[in-house]
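Engineer: Listed below are the residues making up each chain.
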Amino acid sequence: DTAVSQTPKYLVTQMGNDKSIKCEQNLGHDTMYWYKQDSKKFLKIMFSYNNKELIINETVPNRFSPKSPDKAHLNLHINSLELGDSAVYFCASSRQLYGYTFGSGTRLTVV
Amino acid sequence: GNSVTQMEGPVTLSEEAFLTINCTYTATGYPSLFWYVQYPGEGLQLLLKATKADDKGSNKGFEATYRKETTSFHLEKGSVQVSDSAVYFCALSSGETGNQFYFGTGTSLTVIP
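Respectively, the protein sequence lines represent chains W and Y. Here the first sequence is numbered in the numbering used here, starting from 149 and rising by one per residue. Here the second sequence is numbered in the numbering used here, starting from 22 and rising by one per residue.
Hints were generated in silico from the structure; no laboratory data involved. Hints may be right or wrong, so weigh each one.
[Unchecked claim] Covered, in the sense of this in silico footprint (three residues per stretch, anywhere, with C-beta under 8 Å from a C-beta of chain W), are these stretches of chain Y:
id, region
1, 102-108
2, 121-133
[Stated by the list, open to error] Below, computed lysine-lysine pairings styled on DSSO-like, alpha-carbon distance capped at 27 Å:
id, chain 1, residue 1, chain 2, residue 2
3, W, 215, W, 192
4, W, 188, W, 167
5, Y, 73, W, 188
6, Y, 89, Y, 77
7, W, 189, Y, 81
8, W, 184, Y, 89
9, W, 200, W, 215
10, W, 219, W, 200
11, W, 219, W, 188
12, W, 219, W, 192
13, W, 170, W, 219
14, Y, 73, W, 192
Built from N, CA and C at the ideal position, the CB exists for glycine as well.
Next up, chain W with everything else stripped away, as it sits in the complex (with noise of 0.2 Å):
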């Protein structure tokens, strides 16, 4: 009965390839998010949807495409990965000015 729930966990691809991370929310949520934390911890806003729509899409370089086939599905596909994508990817939804609920994050690593 997990809230927000990415897979996979861990992901290690070589430069070059295309690879995708999954999204699903059981809460009812109407806005979901893909942020990208760094090895510093921070932590960047990649895209935001509402009800399938597209609300936020920061600067991210093109290779990188969210999929909404339902609001409560949000994938993230990446092309042509490079070794300066590694990072912690997270999954959230939101009710607004409710906060936010994370997923666990899926570590990517591209040697």
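Got chain W sorted already, so can you dock chain Y onto it with the hints?
Structural biologist: Chain Y only, in chain W's frame:
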């Protein structure tokens, strides 16, 4: 614009010491304020929140008071435990910007026995 500034770490304390992690904010409108905690290898968890001025959020012995006059939301705990070792994030959500949250840079806390 909206932003959150929190004290830089890392912070190292002995068990039972008093903890303060400073957080100040700038915001348009009337934001809600939050503290999140990230234990090693895990995602962020909501620790406490306050939705209007002078509100005090509290949880697990941690407290923070929403001070509009000083635009602050400092996190405090009277007696820390080894299990409190984690990274703490201050955050705000402004109704004027919908659901977007603004996070501070995080403060790493290590509590030694």
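Engineer: Hint by hint, note whether the structure agrees.
Structural biologist: Hint-by-hint comparison with the structure:
| no. | hint | result |
| --- | --- | --- |
| 1 | 102-108 | violated (count 1) |
| 2 | 121-133 | holds (count 6) |
| 3 | 215(W) <-> 192(W) | holds, 19 Å |
| 4 | 188(W) <-> 167(W) | holds, 24 Å |
| 5 | 73(Y) <-> 188(W) | violated, 31 Å |
| 6 | 89(Y) <-> 77(Y) | holds, 12 Å |
| 7 | 189(W) <-> 81(Y) | holds, 23 Å |
| 8 | 184(W) <-> 89(Y) | violated, 30 Å |
| 9 | 200(W) <-> 215(W) | holds, 8 Å |
| 10 | 219(W) <-> 200(W) | holds, 5 Å |
| 11 | 219(W) <-> 188(W) | violated, 31 Å |
| 12 | 219(W) <-> 192(W) | holds, 22 Å |
| 13 | 170(W) <-> 219(W) | holds, 13 Å |
| 14 | 73(Y) <-> 192(W) | holds, 26 Å |
In terms of the numbered hints stated before, the structure departs from hints 1, 5, 8 and 11, listed from lowest to highest.
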